[in-house]
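K.L.:
Residues per chain, in single letters:
There are 2 protein chains.
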Amino acid sequence: MKIPSSLDQLIDALRILPGVGPKSAQRMAYHLLQRNQSGAAALAHALADALTKLRHCQRCNTFTEFDLCELCADPARDKRQLCVVEMPTDLLRIEQTLAFKGCYFVLMGKLSPLDGVGPDDIHFDKLLARAQDGEVEEVILSTNFTVEGEATAHYLAELLRAQGLRVSRIARGLPSGGELEHVDSSTLAQALLERRSL
Amino acid sequence: MKIPSSLDQLIDALRILPGVGPKSAQRMAYHLLQRNQSGAAALAHALADALTKLRHCQRCNTFTEFDLCELCADPARDKRQLCVVEMPTDLLRIEQTLAFKGCYFVLMGKLSPLDGVGPDDIHFDKLLARAQDGEVEEVILSTNFTVEGEATAHYLAELLRAQGLRVSRIARGLPSGGELEHVDSSTLAQALLERRSL
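Those protein sequences? They're chains A and B, same order as listed. Residues 1 to 198, numbered by UniProt numbering, are exactly what the first sequence covers, in order. Residues 1 to 198, numbered by UniProt numbering, are exactly what the second sequence covers, in order.
Bear in mind the hints are in silico, worked out from the structure with no lab data behind them. Fair warning: there could be bad hints in the mix.
[Stated by the list, open to error] List of simulated lysine-lysine pairs, DSSO-like, C-alpha gap at most 30 Å:
{"hint": "1", "chain 1": "A", "residue 1": "K101", "chain 2": "A", "residue 2": "K53"}
{"hint": "2", "chain 1": "B", "residue 1": "K53", "chain 2": "B", "residue 2": "K101"}
{"hint": "3", "chain 1": "B", "residue 1": "K23", "chain 2": "B", "residue 2": "K79"}
{"hint": "4", "chain 1": "A", "residue 1": "K79", "chain 2": "B", "residue 2": "K79"}
{"hint": "5", "chain 1": "B", "residue 1": "K2", "chain 2": "A", "residue 2": "K2"}
{"hint": "6", "chain 1": "B", "residue 1": "K126", "chain 2": "A", "residue 2": "K101"}
{"hint": "7", "chain 1": "A", "residue 1": "K53", "chain 2": "B", "residue 2": "K2"}
{"hint": "8", "chain 1": "A", "residue 1": "K53", "chain 2": "B", "residue 2": "K53"}
{"hint": "9", "chain 1": "B", "residue 1": "K23", "chain 2": "A", "residue 2": "K23"}
{"hint": "10", "chain 1": "A", "residue 1": "K2", "chain 2": "B", "residue 2": "K126"}
[Unchecked claim] To give an idea of the interface, some chain A residues facing chain B are shown, with a C-beta separation under 7 Å as derived from the structure:
{"hint": "11", "residue": "P4"}
{"hint": "12", "residue": "Q9"}
{"hint": "13", "residue": "A44"}
{"hint": "14", "residue": "T64"}
{"hint": "15", "residue": "L68"}
{"hint": "16", "residue": "A99"}
{"hint": "17", "residue": "G102"}
[What the hints assert, rightly or not] Footprint (simulated), chain A over chain B, 3 or more residues, beta carbon under 8 Å:
{"hint": "18", "stretch": "86 to 93"}
{"hint": "19", "stretch": "123 to 136"}
{"hint": "20", "stretch": "174 to 188"}
Predicted model, so just to flag it, every value in this text is computed and none were measured. Where is the CB? At the ideal position from N, CA and C, for every residue including glycine.
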């Protein structure tokens, strides 16, 4: 007894999704076919549509349906500050704070030697060209404070400083309203090391 | 700053997958677009293909690309025994044991009042018609020993016995090679209750 090949191929195709193994792929396939055929058709359409329409913003590298994304096309943004983030979600998160009026560059990834992601895979050349447009005065590295995010920030700092650019890193420390008693040791240790003079 | 609508729609569409919330859907969308566009295209194609080609076997209700599935079309199978399972995976699992030579019926689900799945959603009428073809002598209920699987088995037993059919349930008990010391209490208690006379 073999399972029908189109079912087999669907299960295989679902396994490319991150975090989806053989068992979940099977469960997803049966769920789609048995309980949500219209959802499956919508997913197929959304995938094809996104693949056709989405590209990278020529300036900031985020996903957009046009040459320039909404933010890069906005003349009111401060061209002197360039905030570098890992993913579009990070950009949206910073925008939600309403605390930053400059421009962004989205790396669409991070250095991650263990996953085989090196400097060539992240298109740092596009960032270098962007940072050297003559208007940018400061590059604010806002990658995550994970091992990979930190490595990416260090690598980029070297690269950008070598071009004579001013480079900064968002602050690490206790959260607003945070209590020493409840913060993890690593954050507390770093907050002590990176203390600010008043 | 809004995210492009085709990206938004893709994230929405991915959320129909079981076990996928807003965060994973976002992660999946970025992964597909940034790291695996060919995989995404293959997934879109596999979905459309499966939706077009797959249908339910007219006799056993499993997924097939033809009117009858491979097993139902096989004249060598014993027509007197009908094994009822919840999903196609269960059928494949039983086939792997090489211990059953009869026919199957795949419910494609189970009674699950909490999820709003009642007798009308499971197409028990198709099973009833199948079991009353004149050749079936025994219906072997092989739904899972979960709460829903047990409820389904009890419901079906009533229904099928009322039609004068012989109904049995696969055995529950200790696994082969299992030791009393290591088996869970519920299984052990049931194994005592359902002891066989020798």
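K.L.:
Hint by hint, say whether it matches the structure.
P.N.:
Comparing the hints with the structure gives:
1. Between the alpha carbons of K101/A and K53/A the distance comes to roughly 28 Å, so the proposed pair stays at or under 30 Å and holds.
2. A C-alpha spacing of about 28 Å is found between K53/B and K101/B, which places the hinted pair at or below 30 Å, so the restraint holds.
3. Among the hinted pairs, K23/B with K79/B is inconsistent with the structure: their alpha-carbon atoms are about 49 Å apart, more than 30 Å.
4. Straight-line distance between C-alpha atoms of K79/A and K79/B comes to about 77 Å, which puts the hinted pair past the 30 Å bound.
5. Restraint check for K2/B and K2/A: not satisfied, since their Cα atoms lie roughly 46 Å apart, outside the 30 Å limit.
6. In summary, the hint linking K126/B to K101/A is not supported, as the alpha carbons are separated by about 63 Å, beyond the 30 Å threshold.
7. The straight-line distance between the Cα atoms of K53/A and K2/B is roughly 16 Å, inside the 30 Å bound, and the hint therefore holds.
8. Distance hint between K53/A and K53/B is fulfilled; the C-alpha atoms sit about 28 Å from each other, no more than 30 Å.
9. Simply put, K23/B and K23/A have alpha-carbon atoms about 21 Å apart, close enough for the 30 Å limit, and the pair holds.
10. Straight-line distance between C-alpha atoms of K2/A and K126/B comes to about 23 Å, which keeps the hinted pair within the 30 Å bound.
11. Because the beta carbon of P4/A sits about 5 Å from the nearest beta carbon in chain B, less than 7 Å, this interface hint is met.
12. Proximity of Q9/A to chain B holds as hinted, the smallest CB-CB distance being about 5 Å (cut-off 7 Å).
13. At about 4 Å, the closest approach between the beta carbon of A44/A and any beta carbon in chain B falls short of 7 Å, and the interface hint on this residue holds.
14. At a threshold of 7 Å, the smallest CB-CB gap from T64/A to chain B is about 6 Å, leaving the interface hint in force.
15. Because the smallest distance between the Cβ of L68/A and any Cβ of chain B comes to about 12 Å, over 7 Å, the interface hint for this residue is violated.
16. Checking A99/A against chain B by beta carbon gives a least distance of about 14 Å; that is not within 7 Å, so the hint is violated.
17. Below 7 Å, beta-carbon pairs count as interface contacts, and G102/A has none with chain B, the closest being about 13 Å; its hint is therefore violated.
18. Residues of the stretch 86 to 93 of chain B with a Cβ under 8 Å from some Cβ of chain A number 5, which satisfies the need for three, so the listed coverage holds.
19. Counting residues of the stretch 123 to 136 of chain B whose C-beta lies closer than 8 Å to any C-beta of chain A gives 0; at least three are required, and the coverage claim is violated.
20. Coverage of the stretch 174 to 188 of chain B by chain A is violated. Counting CB-CB distances below 8 Å, 0 residues qualify, and the rule asks for three or more.
Checked against the numbered hints above, the structure violates hints 3, 4, 5, 6, 15, 16, 17, 19 and 20; every other hint is satisfied.
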